[in-house]
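Visitor: Listed below are the residues making up each chain.
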Amino acid sequence: GAVVSQHPSRVICKSGTSVKIECRSLDFQATTMFWYRQFPKQSLMLMATSNEGSKATYEQGVEKDKFLINHASLTLSTLTVTSAHPEDSSFYICSAWTGGADYGYTFGSGTRLTVV
Amino acid sequence: GNSVTQMEGPVTLSEEAFLTINCTYTATGYPSLFWYVQYPGEGLQLLLKATKADDKGSNKGFEATYRKETTSFHLEKGSVQVSDSAVYFCALSQGGSEKLVFGKGTKLTVNP
Chain A
1 GAVVSQHPSR
11 VICKSGTSVK
21 IECRSLDFQA
31 TTMFWYRQFP
41 KQSLMLMATS
51 NEGSKATYEQ
61 GVEKDKFLIN
71 HASLTLSTLT
81 VTSAHPEDSS
91 FYICSAWTGG
101 ADYGYTFGSG
111 TRLTVV
Chain B
1 GNSVTQMEGP
11 VTLSEEAFLT
21 INCTYTATGY
31 PSLFWYVQYP
41 GEGLQLLLKA
51 TKADDKGSNK
61 GFEATYRKET
71 TSFHLEKGSV
81 QVSDSAVYFC
91 ALSQGGSEKL
101 VFGKGTKLTV
111 NP
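Sequence order for the protein chains is A and B. Using this note's numbering, the letters of the first sequence map in sequence onto residues 1 to 116. Using this note's numbering, the letters of the second sequence map in sequence onto residues 1 to 112.
No lab work stands behind these hints, which were simulated from the structure alone. Just to be clear, a hint being listed does not mean it is correct.
[Stated by the list, open to error] Now the in silico label distances, taken between C-beta atoms and shown as ranges: (1) A:SER5 - B:LYS56: 45 to 51 Å; (2) A:GLU59 - B:GLY29: 17 to 23 Å; (3) A:SER18 - B:GLN94: 32 to 38 Å; (4) B:LYS52 - A:HIS7: 33 to 39 Å; (5) A:SER18 - B:SER79: 44 to 50 Å; (6) A:LYS66 - B:PRO40: 23 to 29 Å; (7) A:SER89 - B:GLN94: 37 to 43 Å; (8) B:SER79 - A:SER15: 19 to 25 Å; (9) B:ASP55 - A:LEU26: 25 to 31 Å; (10) A:LEU76 - B:GLU16: 40 to 46 Å; (11) A:LYS14 - B:VAL82: 37 to 43 Å.
The beta carbon of each residue, even a glycine, is placed where N, CA and C say it ideally should be.
Whenever a hint applies, use it, and build me the whole structure from the sequences.
Guide: In structure tokens form, the structure reads like this:
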């Protein structure tokens, strides 16, 4: 089945630095990918939708300049948290729409970001 | 807009108990409906889905039926196991590559 690989799984960074998270579709072409942030007590917040070769569409309230999303190829989307602060610490999850007859959404395994 | 409301947890059951997690939705037209499961520290895995009214999705002993008349997609399992302990999310999509809309998740703990 469709597999999405997300790296790194955990990252600790200093306040003020930037962190890049990668999301790769391993055995299919992902024209559309989604980035979520998961808060304590489970809830998932959609941050943005990225389409290959075009600018990402951000959800209301998500800072575009802080959370840079690049979907430069059909198998790779990246989320860069710029000038990270402790309040950016969270669990970030990517997802790709798999399309086809058995269409659905495949999720990466998530990235635990801790900003110190 | 589209929304999903699911039973708030946490839910704690003994092994072999019957499980129901309620999920209702608000959407225009005929969305596709999903249940995802998340184990600690991991991403989400598709548990089952249904794409049209009266469809029943099933996987690993879990079932859910797409009920258009009640706008519901309740998750059930006849006999839960300790390994079923996880967070369960109900979600909908309007199809194609449209974004998923999630419920808030229900944490299930199954005790031996």
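Visitor: Is the distance from the Cβ of SER18 (chain A) to the Cβ of GLN94 (chain B) consistent with 32 to 38 Å?
Guide: Because 34 Å falls inside the window, the suggested range holds.
Visitor: Does the Cβ distance between LEU76 (chain A) and GLU16 (chain B) fall inside 40 to 46 Å?
Guide: Taking Cβ atoms as reference, LEU76 (chain A) and GLU16 (chain B) lie about 45 Å apart, which means the hint holds.
Visitor: Do the beta carbons of SER18 (chain A) and SER79 (chain B) sit within 44 to 50 Å of each other?
Guide: holds, 49 Å
Visitor: If I claimed the Cβ atoms of LYS14 (chain A) and VAL82 (chain B) lie 37 to 43 Å apart, would that claim hold in this structure?
Guide: The hinted range 37 to 43 Å holds for LYS14 (chain A) and VAL82 (chain B), with Cβ atoms some 40 Å apart.
Visitor: Please check whether LYS66 (chain A) and PRO40 (chain B) have a Cβ separation lying inside 23 to 29 Å.
Guide: Given about 28 Å between the Cβ atoms, the range holds.
Visitor: Quick check: does the Cβ-Cβ distance between GLU59 (chain A) and GLY29 (chain B) fall within 17 to 23 Å?
Guide: holds, 22 Å
Visitor: Given the hint of 19 to 25 Å, check if SER79 (chain B) and SER15 (chain A) actually sit that far apart at their C-beta atoms.
Guide: violated, 49 Å
Visitor: Given a hint of 45 to 51 Å, does the C-beta separation of SER5 (chain A) and LYS56 (chain B) actually sit inside it?
Guide: violated, 32 Å
Visitor: Can you tell me whether the CB distance of ASP55 (chain B) to LEU26 (chain A) sits inside 25 to 31 Å?
Guide: About 29 Å separates the Cβ atoms of ASP55 (chain B) and LEU26 (chain A), which means 25 to 31 Å holds.
Visitor: Please test the hint of 37 to 43 Å on the beta carbon pair from SER89 (chain A) and GLN94 (chain B).
Guide: Violated: the Cβ-Cβ distance is about 32 Å, outside 37 to 43 Å.
Visitor: How does the Cβ-Cβ distance of LYS52 (chain B) and HIS7 (chain A) compare with 33 to 39 Å: does it lie in that range?
Guide: holds, 37 Å
In summary, the numbered hints that this structure violates are 1, 7, 8.
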